[in-house]
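Asks: With the hints as extra help, turn the sequences into a complete structure.
With our numbering applied, the sequence shown corresponds to residues 13 to 506, in that order.
In short, the hints are calculated from the structure, not lab data.
A portion of the hints provided could be inaccurate.
Unchecked claim - With a cut-off of at most 25 angstroms between alpha-carbon atoms, the simulated DMTMM-like pairs for lysine to aspartate or glutamate come out as follows:
1) Lys385 <-> Asp370
2) Lys457 <-> Glu399
3) Lys385 <-> Glu234
4) Lys457 <-> Glu430
5) Lys457 <-> Glu491
6) Lys385 <-> Glu225
7) Lys457 <-> Glu397
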Amino acid sequence: MGRVLIAVLLAFGTFQGIPRSATDVVSYHFRIVVDSSITAAATVTWRGGGDTLVLDLVGMTVDSVGGGVPFTRDSTTLRIAAGARRSVTVYYHGRPSDGLIIRDNARGRPSWFGDNWPNRARFWLPTVDHPSDKARVTWDVVAPPGYRVVTNATGTSAIPTYCMVIGVAPMTVSTHRAASGRIPIEVWAYPEDSAFADSVPFRRATEMVEIMERLVGRYSYERLAHVQSSTRYGGMENSSAIFYAENGYVRRRMGEGVVRHETAHQWFGDAVTERDWHHVWLSEGFATYFDAVLAQQLDGDSAYRRVMAGSRASYMRSEAVSRPIIDTTITDPNRLLNANSYQKGGWVLRMLRQEVGDSAFFRGVRSYYRRWKDSTALSADFQREIERAAGRRLEWFFRQWLWQPGYPRLDVAWRYDETTGHAALTVRQTQPGRFRMPTVPIVFKDEAGEIQRYRLTLDERYREQTASFTVRRPPTVLEVDPDGTLLLSAEVRR
13 MGRVLIAVLL
23 AFGTFQGIPR
33 SATDVVSYHF
43 RIVVDSSITA
53 AATVTWRGGG
63 DTLVLDLVGM
73 TVDSVGGGVP
83 FTRDSTTLRI
93 AAGARRSVTV
103 YYHGRPSDGL
113 IIRDNARGRP
123 SWFGDNWPNR
133 ARFWLPTVDH
143 PSDKARVTWD
153 VVAPPGYRVV
163 TNATGTSAIP
173 TYCMVIGVAP
183 MTVSTHRAAS
193 GRIPIEVWAY
203 PEDSAFADSV
213 PFRRATEMVE
223 IMERLVGRYS
233 YERLAHVQSS
243 TRYGGMENSS
253 AIFYAENGYV
263 RRRMGEGVVR
273 HETAHQWFGD
283 AVTERDWHHV
293 WLSEGFATYF
303 DAVLAQQLDG
313 DSAYRRVMAG
323 SRASYMRSEA
333 VSRPIIDTTI
343 TDPNRLLNAN
353 SYQKGGWVLR
363 MLRQEVGDSA
373 FFRGVRSYYR
383 RWKDSTALSA
393 DFQREIERAA
403 GRRLEWFFRQ
413 WLWQPGYPRL
423 DVAWRYDETT
433 GHAALTVRQT
443 QPGRFRMPTV
453 PIVFKDEAGE
463 IQRYRLTLDE
473 RYREQTASFT
483 VRRPPTVLEV
493 DPDGTLLLSA
503 EVRR
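Replies: Below, the structure is given as C-alpha cells:
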C-alpha cells in the first residue's frame, strides 16, 4: 500500500490477530450488478470448520441462501447453517457504507471501486475477512452501457480478501509490452488522463515486473493492470489490479515511486501475505525496500541511496520510534500503517542484506517467496529462510530490530594521541535498550581531507564501551557511518 492520503479512524470491532475458526475458504465467486446500490450473489466454497459457516458482512441485506439453507444475521456477521455442505450461495443487496466506493469520480462520472484494506471487504462482500484465510476469487460484474470493468485476474492463485476488488468507470485501456514475454501489462485510466499515465508513471511498468521476476521469483498472476481509481490510499496493491488515487493523475503529480512500491507488493503482501496484522511489515517493509531496489536497477546506485535516505529521515522524525515494528499492543490494523511497518521495515531489510551479504540475502528472499507463495507467513518464517541461506543464526538481529523499539543513538567522544598515533573513542548508547551492531563504519579525516576508514563494533552487553585505532595521519574530523548505511544517529564530540 502506498502513502495514506487521509486519516482512517473507522471502527472495525475486535481486532483479529489470528483466524477465529478452522474454516478455510477455498474460493469465492461474486456476481454483482452495480447501480446506486448493488444486487449480488456470492458463492463460497470452503473446507474444514463445523456445521455453521460464519462470514463477515456489515450493513447489507441478505435475501436468501441458495437451497433454502437457514441463516441468521447480526450487525457484523452472517451465520449459515450449512450442515455437511461445503458450498453455498448468498443472495444479498444494498448500498455499501464502505469497501465499495460508489461516487462520481474526479472527472465527474459515476464510478464503483473496491477499496478493502484492511478489513473493509465485509461492507460489501460476505467473506472470512482476515489475511490468514486467502482464497481464489472470480467475478461476474454487470455494469452500465459504455462502462469498463476491471477485476482481479482469473486464475488459480489464492489472494487475501483485502485485495479482492472490482473497478467500474468509463476508462481507456492501453497495453504495454508484456513482461517476460508472457505477462500482459495494462494501464486503465480516465480518458483525460490516459496519455499522462502511459508517458509518466507507467512508462517503465513492464521493466519493474521483469526486475522483480529476476531478483525474487515468478509473477503469480495472469496479468497486471494499473488502474486509476477512487482509493483512499496513494496506491492499493490489489492482486493483479493495482488501484491508484485518481487525483495524482488529474493534478499530474504522480510519479514512478508509488508504482515501484505497489508492483513490489504483488510479490510481498499479495503472493506472500502476512498471516497476522502485527506482521504487516512483511508486506509494507518489503514493498518499501524493493521500491529502492527497483529504483537502483532502473536508475543506478544514487537512486537507491536517495530512496533509502528519504525512508530513514521519515522514520526518524516519526512518533513510531518509541514502539517496535511488531507491536502486539495495537488493536486497530490502521495504526500499524506507520513508519515502523514501512520505513523501518525497509531499513531492516537493507541492514540484513549488509549483514549476510548480497548472495545469501537474495537466496533467502527467493527461498522465502518460493516456499510461502500463494500462502501466508510470519516473521519467523522469513527469519528461518534467511538463516538457512546465510548458514548461521540471526535471532539477535530479528529480535532487536523487530521486537525492540527505536534505533541506536550514539554519543561518541574521541581524542587523538600524537605520541602513540592512537585515536581513542568512548561510545555510549543513549537510547532505551541496547543494540548489537557488528560493523559500524567510521572515518577519520585530516586537515588535507585525506580519509582513513575503520570499523567499530557495538556490543549490546554494554551501555558504554571504548575503542582505539592506530591512525596514520593526525585526524581533525571523525564521522560515524558517513555513507548512511545503518539506521542510527551519532553525536560526535572531541
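Asks: Starting from Lys385, check that the Cα of Glu234 is at most 25 angstroms away, please.
Replies: Satisfied, since the Cα-Cα distance of roughly 15 angstroms is no more than 25 angstroms.
Asks: Given the hinted pair Lys457 and Glu399, is their alpha-carbon gap at most 25 angstroms?
Replies: violated, 37 angstroms
Asks: Are the Cα positions of Lys385 and Asp370 separated by 25 angstroms at most?
Replies: Holds. Lys385 to Asp370 sits at ~22 angstroms (cutoff 25 angstroms).
Asks: Does Glu225 lie within 25 angstroms of Lys385 when you go C-alpha to C-alpha?
Replies: Since the Cα atoms of Lys385 and Glu225 sit roughly 13 angstroms apart, the hinted pair holds (cutoff 25 angstroms).
Asks: Going straight from one Cα to the other, do Lys457 and Glu397 come out at no more than 25 angstroms?
Replies: This hinted pair is violated, its Cα atoms lying about 40 angstroms apart.
Asks: Compare the distance between the alpha carbons of Lys457 and Glu430 with 25 angstroms, and conclude whether the hinted pair is satisfied.
Replies: Status holds; Cα separation ~15 angstroms.
Asks: For the pair supplied as a hint, Lys457 and Glu491, confirm whether the alpha-carbon distance does not exceed 25 angstroms.
Replies: With Cα atoms ~8 angstroms apart, Lys457 and Glu491 stay inside 25 angstroms; holds.
This entry does not satisfy hints 2, 7, going by the numbered hints stated previously.
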